[in-house]
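Here the protein sequences line up with chains A and B, keeping their order. For the first sequence, our numbering assigns the number 90 to the initial residue and increments by one for each residue that follows. For the second sequence, our numbering assigns the number 360 to the initial residue and increments by one for each residue that follows.
Be careful, since some hints might not be right.
Stated by the list, open to error - Beyond 12 Å from chain A on every Cβ pair, some chain B residues (computed): (1) Glu451; (2) Gly452; (3) Arg559.
Claimed, not checked - Subject to a maximum C-alpha distance of 20 Å in a straight line, what follows is the list of computed EDC-like cross-link-like pairs (lysine to aspartate or glutamate): (4) A:Lys308 - B:Glu542; (5) A:Lys210 - B:Asp555; (6) B:Lys540 - A:Glu266; (7) A:Lys309 - B:Glu542; (8) A:Lys210 - B:Glu475; (9) B:Lys365 - B:Glu409; (10) B:Lys533 - A:Glu266; (11) A:Lys210 - B:Asp517; (12) B:Lys487 - A:Asp214; (13) A:Lys115 - A:Glu381.
Claimed, not checked - Examples of chain A residues toward chain B, derived with CB under 7 Å: (14) Thr197; (15) Ser202; (16) Asp216; (17) Val218; (18) Asn259; (19) Asn277.
Read the hints as simulated data drawn from the structure, not as lab findings. Glycine included, C-beta positions come from ideal geometry on N, C-alpha and C.
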Amino acid sequence: MKAESNLERILEAGEFAVTAELGPPKSADVQVVEKKAGFLKGMVDAVNITDNQTAIVRMSSIAAGALAMREGLEPVIQITCRDRNRIAIQSDVLGAYALGMRNILCLTGDHQSFGNHQTSKNVYDMDSVQLIQTLRSMRDDKVFLCGDEIRNGKKAPIVEPRIYIGAAANPFGDPFEFRVIRLAKKANAGVDFIQTQCIYDMERFEKWMEQVRERGLHKKVKILAGLTPLKSAGMARYMRDSVAGLTVPDWYIERIGKAEDKAAEGIRMCVEQIERIRSIEGVAGIHLMAIEWEHRVAEIVKEAGLLPRPVV
Amino acid sequence: MVRDVKKLLILGCGTCVTVCMAGGEKEVGILASTLRLTNRRNNISMEIMEDTIERQCDREFFDAVADKVREADAVLSLACGVGVQFGGEVFEGKRFLPGLNTSFYGANESVGVWSERCAGCGNCVLDKFGGLCPITRCSKSLLNGPCGGSQNGMCEVDPENIECGWQLIYDRMKALGLLHKLEENEPVKDWSTSRDGGPRKIIREDMVQ
Numbered sequence: 090m091k092a093e094s095n096l097e098r099i100l101e102a103g104e105f106a107v108t109a110e111l112g113p114p115k116s117a118d119v120q121v122v123e124k125k126a127g128f129l130k131g132m133v134d135a136v137n138i139t140d141n142q143t144a145i146v147r148m149s150s151i152a153a154g155a156l157a158m159r160e161g162l163e164p165v166i167q168i169t170c171r172d173r174n175r176i177a178i179q180s181d182v183l184g185a186y187a188l189g190m191r192n193i194l195c196l197t198g199d200h201q202s203f204g205n206h207q208t209s210k211n212v213y214d215m216d217s218v219q220l221i222q223t224l225r226s227m228r229d230d231k232v233f234l235c236g237d238e239i240r241n242g243k244k245a246p247i248v249e250p251r252i253y254i255g256a257a258a259n260p261f262g263d264p265f266e267f268r269v270i271r272l273a274k275k276a277n278a279g280v281d282f283i284q285t286q287c288i289y290d291m292e293r294f295e296k297w298m299e300q301v302r303e304r305g306l307h308k309k310v311k312i313l314a315g316l317t318p319l320k321s322a323g324m325a326r327y328m329r330d331s332v333a334g335l336t337v338p339d340w341y342i343e344r345i346g347k348a349e350d351k352a353a354e355g356i357r358m359c360v361e362q363i364e365r366i367r368s369i370e371g372v373a374g375i376h377l378m379a380i381e382w383e384h385r386v387a388e389i390v391k392e393a394g395l396l397p398r399p400v401v
Numbered sequence: 360m361v362r363d364v365k366k367l368l369i370l371g372c373g374t375c376v377t378v379c380m381a382g383g384e385k386e387v388g389i390l391a392s393t394l395r396l397t398n399r400r401n402n403i404s405m406e407i408m409e410d411t412i413e414r415q416c417d418r419e420f421f422d423a424v425a426d427k428v429r430e431a432d433a434v435l436s437l438a439c440g441v442g443v444q445f446g447g448e449v450f451e452g453k454r455f456l457p458g459l460n461t462s463f464y465g466a467n468e469s470v471g472v473w474s475e476r477c478a479g480c481g482n483c484v485l486d487k488f489g490g491l492c493p494i495t496r497c498s499k500s501l502l503n504g505p506c507g508g509s510q511n512g513m514c515e516v517d518p519e520n521i522e523c524g525w526q527l528i529y530d531r532m533k534a535l536g537l538l539h540k541l542e543e544n545e546p547v548k549d550w551s552t553s554r555d556g557g558p559r560k561i562i563r564e565d566m567v568q
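Using the sequences plus the hints, can you model the full thing?
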């Protein structure tokens, strides 16, 4: 075991993992985190705490993660390279570990032009692949990026952050042939688990998984398939037209459009997807990104037959 | 910016900004005429002089306009940001004002189109990426491949106008038969040779007198 997190134990035990996402509030409102955490407790193995997603200012992922832990959740702290340089990121990794956080997801980060501070300066001192490498050397080599040992002085003990390292993969971005190369680079850098961009185009995902298996990458890293249940035809169209790096086949939009209870249909489609994903060799779990729909996660996990969550 | 100036010299630069039609002799003339018309309409009395020198990044070329600069209350320089600052150094105590918003140092893609190619990071990586710079051409300056926002060859930041730098690199490396090179992990970059290391200076000892 590298970090002894619940997520690592579940995946190492060969259980089909379930993670979800908790978006911190656009305010200092603690109750928002507590309420969302309440919906997710016991339903999933770990919960991603997003880091100012789409470049909109929110409560910091580490602070919201600490609140989520208080509510009994295991967080996966998301860290993007957009807002912090290597000094700030390594400092935050020490801080997150000190607070008991054991999973970190390494991301490049959405460009600030999508958010609510479009005139800001970005950082991108390193990229997500280099961030993975940084966390790995902090954990395994017990050194900072600069080579210094992680100790407070010559005679002080080495206390390195033992993190279970995650990253994202987007099988739907271009160039398609490069996508598996990028995953291979993340594996080389030392990533432990991957959560994919949300999948609607199952054929393309299966094609990508084929390439993943050809390179044996599914044996090196645990791959969790990303899913976002659709709430309405409008949301489906929005995801198709306005979210970069995402494809939504038309039949999704037609099917949800025709349904009487759109939300229930969206959940049904998500459950069907989970069933299909479970049959794909090399997929180790699912990552449910129910955007502002945390209260429906339990229903999806239950319908998919993934409750109760195993204790290992 | 120039409203309160009584005697203004609009000073063009004969090199890069002339070629890209932003600050040469012709643009100096257009700006001077426009400013005169505007001033007349607004009852502002301002004497406007015009001139253009070969380069504003070399001390010697300023000699040709020394008298006019001394005569003027302020100089509106149509050079890049280098010329504006250097003019102020050559003529100590004289106000040099920027006439352009200097954006980047790029190439002339086609008639009327210029685009950025080099960020002057001081630590060139072009050899690794088929002669295309990911620092300049990728919106996030990524060194290990495209982010998830690359779609149909375009960048998510502006899918109408910005090409995905990594799609370009991928295509070039594939054509060169060097795709395997892109599988190597690129370590964190040393930015100390870039702006992050502070203002930069190059000294050729063999030329310094």
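Cross-check of the supplied hints:
1. Glu451: 32 Å, holds
2. Gly452: 33 Å, holds
3. Arg559: Its Cβ never comes within 12 Å of chain A, the nearest being 18 Å, so this holds.
4. A:Lys308 - B:Glu542: 19 Å, holds
5. A:Lys210 - B:Asp555: 14 Å, holds
6. B:Lys540 - A:Glu266: 14 Å, holds
7. A:Lys309 - B:Glu542: With Cα atoms ~16 Å apart, Lys309 (chain A) and Glu542 (chain B) stay inside 20 Å; holds.
8. A:Lys210 - B:Glu475: Between Lys210 (chain A) and Glu475 (chain B) the Cα gap is close to 18 Å, so the pair holds against 20 Å.
9. B:Lys365 - B:Glu409: Distance ~14 Å between Lys365 (chain B) and Glu409 (chain B) Cα, so the pair holds.
10. B:Lys533 - A:Glu266: Answer holds: Lys533 (chain B) to Glu266 (chain A) is near 11 Å, not above 20 Å.
11. A:Lys210 - B:Asp517: Roughly 17 Å separates the two Cα atoms, so the pair holds.
12. B:Lys487 - A:Asp214: 19 Å, holds
13. A:Lys115 - A:Glu381: 12 Å, holds
14. Thr197: With Cβ-Cβ at 5 Å, under 7 Å, it holds.
15. Ser202: 5 Å, holds
16. Asp216: 5 Å, holds
17. Val218: Where the cut-off is 7 Å and the nearest Cβ of chain B is about 4 Å from Val218 (chain A), the hint holds.
18. Asn259: Since the shortest Cβ distance to chain B is 3 Å, the answer is holds.
19. Asn277: 5 Å, holds
Hint check: no violations occur; every hint is consistent with the structure.
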